[in-house]
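A.B. asks: Take the sequences, apply the hints, and build the full model.
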Amino acid sequence: MKKVSSIFIVDDDPITVFGIKKMLKPVAICDDIQIFQNGKEAYDALKSRITSEQGIPEVIFLDINMPIMDGWDFLKEMIDLDIQERIIINMITSSIDPSDYQRWNDFKEKCPHQLNFKNKPIFKIEVSDLEGFHMAS
1 MKKVSSIFIV
11 DDDPITVFGI
21 KKMLKPVAIC
31 DDIQIFQNGK
41 EAYDALKSRI
51 TSEQGIPEVI
61 FLDINMPIMD
71 GWDFLKEMID
81 LDIQERIIIN
91 MITSSIDPSD
101 YQRWNDFKEK
111 CPHQLNFKNK
121 PIFKIEVSDL
131 EGFHMAS
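Just so you know, we're using UniProt numbering here: the sequence shown kicks off at 1 and counts up by one.
Among the hints, a few may not be true.
[Claimed, not checked] Calculated cross-link-like contacts (lysine-lysine; reagent style DSBU-like; alpha-carbon spacing at most 30 Å):
id, residue 1, residue 2
1, LYS3, LYS40
2, LYS108, LYS76
3, LYS2, LYS21
4, LYS25, LYS40
5, LYS118, LYS25
Hints listed in this document are in silico derivations from the structure and should not be mistaken for laboratory results.
C.D. replies: Structure follows, in structure tokens:
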């Protein structure tokens, strides 16, 4: 079981949010799980945590397609923030469009955080979804 200080779940689908929370229980101990309906809410909360020196999330589950601010826009804005800690971001989508996977790959190269890609429905969350890993170059 992995101890995680804070997790953000950014998804406008309540069934997905419920599923992620349920799947986290056997693999993570976390007293700070925040739920956001769109990227704007999550971005504002993240900025607020940075300015108030609260702990930032170690892990973010980020839906790609949401109203107001989608996952891509959230990522663009987040990359511009001065965040020293490395965040594990699990991009989640029901999209089968290959351009979404390509876009994720492009973001992966310029993002200082670890980006994972998961298709919905998510059937299982592994401890590896909650901790960084080092890939050989």
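A.B. asks: Taking the hints in turn, state whether each one holds.
C.D. replies: Now the hints, each set against the structure:
{"no.": "1", "hint": "LYS3 <-> LYS40", "verdict": "27 Å, holds"}
{"no.": "2", "hint": "LYS108 <-> LYS76", "verdict": "11 Å, holds"}
{"no.": "3", "hint": "LYS2 <-> LYS21", "verdict": "14 Å, holds"}
{"no.": "4", "hint": "LYS25 <-> LYS40", "verdict": "27 Å, holds"}
{"no.": "5", "hint": "LYS118 <-> LYS25", "verdict": "19 Å, holds"}
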